[in-house]
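Enquirer: All chains should be built: construct the whole structure from the sequences, respecting the hints.
Here is how the chains run, residue by residue.
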Amino acid sequence: MEYIIHILVLAGLFVIMTVSLNIVLGFAGLPAMGQSAFFCVGAYASSLACLHLGLSPWITLCLAAGLAWGVGWLVSLSASRLAGDFLALATFGLAAVTYSLAVNWDAMTHGPLGLSAIPPFSAFGYTLDTAWSFFPIVTFFCLVTILASRRLVTSPFGRVIQGMRESNMLCESVGIDVGRFTRTVFSTGALFAGIAGALYAHYVTYIDPTSFTPMESVTILLMVVFGGMGSISGSVLGATILVVLPEGLRFIGLPSSLAAPVRQMLYGSILVALMLIRPSGLLGKYKWR
Amino acid sequence: MVDLSVEIPSGCIVALIGPNGAGKTTVFNLVCGYVVANKGSFSIAGVDATGRVPEQVARLGLGRSFQDGKVFEQMTVLDNVLLGMRDPKAESMTAALFRRGALQEGKEEQTRRAMQLLQEASLESKAESLACDLSYGQRKLLELCRVRAFEPSVYLLDEPFSGLFPDTATEMTRMIRGLREAGKTVVFIEHDIQTVSDLSDRVVVLDFGRKIADGTPEEVLNDPAVLDAYLGRVGHDAP
Amino acid sequence: MITQLTVNGIIAGCTYALVAMGFTIIYGTVRFFHFAHGAIVAVAAYTAWAFMAYLGMPFAMAAIISVVAAGGLGVLMDRFVYRPLRQRKSPSLILLLASFGMFLVVQNILQFVFGSDIKMLRGGAASEGHRLFGAVITSTQLWIVASSVILAVAALWFLRKTGFGKSIRAVADDQVAASLVGINSERTVSMAFFLGSALAGVAGILVALESNVYPAMGLNAVIKGIIAALIGGMGSIPGALLGGLLIGFAENVGVWGISSGWKDAISYAVLVAFLLFRPGGIFHTDLELRKV
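Residue numbers (the numbering used here), protein chains in the order written: chain A, 1 to 289; chain B, 1 to 239; chain C, 1 to 292.
If you're looking for bench data, these hints aren't it; they were derived computationally from the structure.
Nothing here was measured: the structure is a model prediction, and the numbers come from that model.
Note that beta-carbon positions come from the ideal geometry of N, C-alpha and C, so glycine has one too.
Warning: the hint list may mix true and false statements.
What the hints assert, rightly or not - If you anchor each label on the Cβ, the simulated ranges turn out as follows:
1) A:78 <-> B:104: 44 to 52 Å
2) C:253 <-> A:136: 50 to 58 Å
3) C:253 <-> A:74: 23 to 31 Å
4) C:277 <-> B:48: 24 to 32 Å
5) C:142 <-> B:209: 52 to 60 Å
6) C:174 <-> B:163: 19 to 27 Å
To be verified - Capping the alpha-carbon separation at 27 Å, the derived lysine-lysine pairs in BS3-like fashion look like this:
7) A:287 <-> C:89
8) A:287 <-> B:70
9) C:166 <-> B:70
10) B:211 <-> A:287
11) B:126 <-> A:285
12) C:166 <-> C:89
Expert: Structure follows, in C-alpha cells:
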C-alpha cells in the first residue's frame, strides 16, 4: 500500500508539471521542452538552500520556485523571438545544458553522486518523510495548480493566449503585445515546474542528475499531448496514466535494469503512435492535424 | 515601394486601387509595421507611427483586416470579437487569478457589446460556433466585427469584397458606410470599379509602387494615366 | 596546451560537422527537424561493433555495412512515420515530436539489447601519436579529419553538379509543383534521408573509434549536430562544416582552465548568441524564424 501511495505522489508531481506545461504548450501554443530544466533548478536550488543555509524547506520551496521563475523569464526573453520548432529545440537544449551542469558542476551539485540527506518537510512537529504523510502536500499543490490553471484559461488572459496559439499576426493586429504574454506564460510554466522540483527533492531526500535528463522533458511533453492539448483534465489523466502504466512492468517480472529502457521505449512508441493516429490526445479539444 | 505620399482626412472612405502587384497590400503592411520601410514616415492623427511594431501601431488606433478573411479559427465567433475588445487590466494574470468578481462584471458588458456587433453583421446566431465553421463571406464579416470591436479610428481593409456573394457584399457595404457615419476613416483595397465608385469618397491609384492618381472617383476613373496603366489592362487581368 | 585544445576541437568539430551535414540535407528537403538523426548515429556505431565483436568481421567491411544500414534506417523512418504525416500536411511540430518518439524508441532498444555498459570499437591500445606543432594527434584522428573533409566536398559536389541538389530545392519549395515538372518528390525525399543518414552513420563510426560506444551517444551527437547546422545556416553544407568546426573549437578552447564539464554550456551559449543576433546562421539562409 505504501508503494501505491508512493506512485501516486510521483504522479502528483508530474500532474503539476504537466498541467502547467499545458498552459504553455496546449493553450498558448508555445512548444517549450525545457520543463525538466526547471524541475532540476527547483530541486537543486531548494536542496542547496536547505543544506547550506539551514533554512526551513517551506522557505526554500518558495525561493526555488522564485528562482525557477526567474530563469524561465530570462529564457523567455529569447523564447519570445523564436518560432515553434526553433523554440522547441532551444528549450530542449536548455534542458540538456541544465542536466550537463548538474552532472559536471561538482562544487555545487556533487556531480553524479548527487545530494543526499536533504531535510524533509515538517509541520506541527511532525516530519513528513513517508509517502502517506507527503501525499496531502502533493494533493494540495496539485489542486492549487489545477485551480489556478482553470482560472487562467477561462479568463480574458486565457483568451489572449489562445489567440496567440492561432496566430501571432492577428493578435498583433488588435494591439496585443505578444512578447509580453509569451514571457508571462513561459515563466509561469517554469515556476510550477520549480515547485514540483522542490517538492520532489524534499520528498525523496536524495537527488542525483539521472532524474533530470533532457529526455524527462520529452516525457512531460508526451503527458500533455497524450492527455490532450488544451485540456486540463486531460493533463491530469495523461500524467497519472503514464506514471502508473509503466509500474505494471514490475508485476510482469521485468528486472529493474531492463525496466527503465522498456519504460522509455513505451513512451517513445506512444508518442509516435499518437502523432500518427490522434495528435489531439485523449481529451484534447484543440484540433491538431 | 518607390514614392507614395497621401494625406487622408478623417471621416472619409478611400479606395486604394491598382493592377496586381502594384503594392497595395505592401502599403498596408508597411503602415502596420509588418514590413519595415527603408525610409519615409507616416503618422496617425498627428502621432508619428514610423518604425513601430505592429501592436504599437494598432494601439495608435489603426485596425486592419487581411486579404483572405483571417479569423481565430478554433475559437468561437463570440471569442473572436471579444479578443478584439482589448481591456489590458482584465487581461493581466493577477486579474485572472484573484479578481474574478470584477472580471465577471466587465464580461457581461463586453458580451453585450460583442453580441450587438455580431447582430449588425447578422452573425448573432453563430456566436457559439467555431470560427472555422463559418462560410468564407461570414469570416470576412466576422473579421470586420473583430476590427470594429477594437474601435480604431482608422480602418485598413484589404479586399473586403473579394469572393463575396451579392447579399454578403451588400451587408459589407452597409457596415462600411456605417463606419463613415460614425466618423471613422476607412481605407480599402478593391478591384471592382463599380464598388469603388459607389462607395468611396476618394480614390488613390498605385502602379509599381508609385502613386499615379489621387482624387474623387469621377476624376480618377477618367484620368488618362490611370486608364493607360490600369483600366487599359482590365480586359486582360480582371478576374 | 592551446594547440592541443585546438586540435581536439577540430577533431570533435569534424564529427559534429558530419552529423550536421546529414541533418541539414534532410532539413533542406523536408523542412522539419529530424531529431531521430541522433539515434541513427548510435545505431551505426552499434552495428559496426556487433559485426566486429560477434562475427569477427574486419573493420572496413563492418563500417561499410553499418553506413548502409544507417542510411536504410533513415529511409524506413521516413517511409513509415514521416511520410504519412507529411501527406496529412501536419505542422512541423508534430513531425518533430514523432521524431523525438522514434529517438526514444531506438535509443532504448539499443540499451535493451546491448546493455548500458560502454563498448570499444578499436582493438588494443590507442594508436601511436604524431607530433604536430606541439600537439599530439593520433592516426585515427587524422582519419577523422580527412574523411570529414572528403565527405563534405563529395556531398557538396553531389548536390551542386548532379540534378539531385536542384530536385531537393524544388521539393522543398513546393512538392506539387516539383512533381508537375517531372521530379519524383517521394524518391527525392527518400534519397535525401538515405544520404543524410549515411553521413550520420559515418559520424557514428568515427565517434566510436575516437571514444566509446554507449546507448546515449546519439543524444550528444544530435544536439551538437543541430547546433552546428543552425549556426552554419540551415540547409547549407559549407555552413554545417564551418558550424561543426566552430562548435568543436569553441567548446574545447572555451574550457581552457575550467572543468571540461562546461562544454555543453559553452556550445549552448554560442547557439543562443546566434539565435539572438544572427538567426540565419553564418551562411544566412532565408528561414522564417519568427512565427506568423
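Enquirer: Determine for every hint whether it applies to the structure shown.
Expert: Do the hints match the structure? See the list:
{"no.": "1", "hint": "A:78 <-> B:104: 44 to 52 Å", "in the structure": "violated, 37 Å"}
{"no.": "2", "hint": "C:253 <-> A:136: 50 to 58 Å", "in the structure": "holds, 53 Å"}
{"no.": "3", "hint": "C:253 <-> A:74: 23 to 31 Å", "in the structure": "holds, 26 Å"}
{"no.": "4", "hint": "C:277 <-> B:48: 24 to 32 Å", "in the structure": "holds, 28 Å"}
{"no.": "5", "hint": "C:142 <-> B:209: 52 to 60 Å", "in the structure": "holds, 58 Å"}
{"no.": "6", "hint": "C:174 <-> B:163: 19 to 27 Å", "in the structure": "holds, 23 Å"}
{"no.": "7", "hint": "A:287 <-> C:89", "in the structure": "holds, 13 Å"}
{"no.": "8", "hint": "A:287 <-> B:70", "in the structure": "holds, 17 Å"}
{"no.": "9", "hint": "C:166 <-> B:70", "in the structure": "violated, 34 Å"}
{"no.": "10", "hint": "B:211 <-> A:287", "in the structure": "violated, 44 Å"}
{"no.": "11", "hint": "B:126 <-> A:285", "in the structure": "holds, 19 Å"}
{"no.": "12", "hint": "C:166 <-> C:89", "in the structure": "holds, 23 Å"}
Checked against the numbered hints above, the structure violates hints 1, 9 and 10; every other hint is satisfied.
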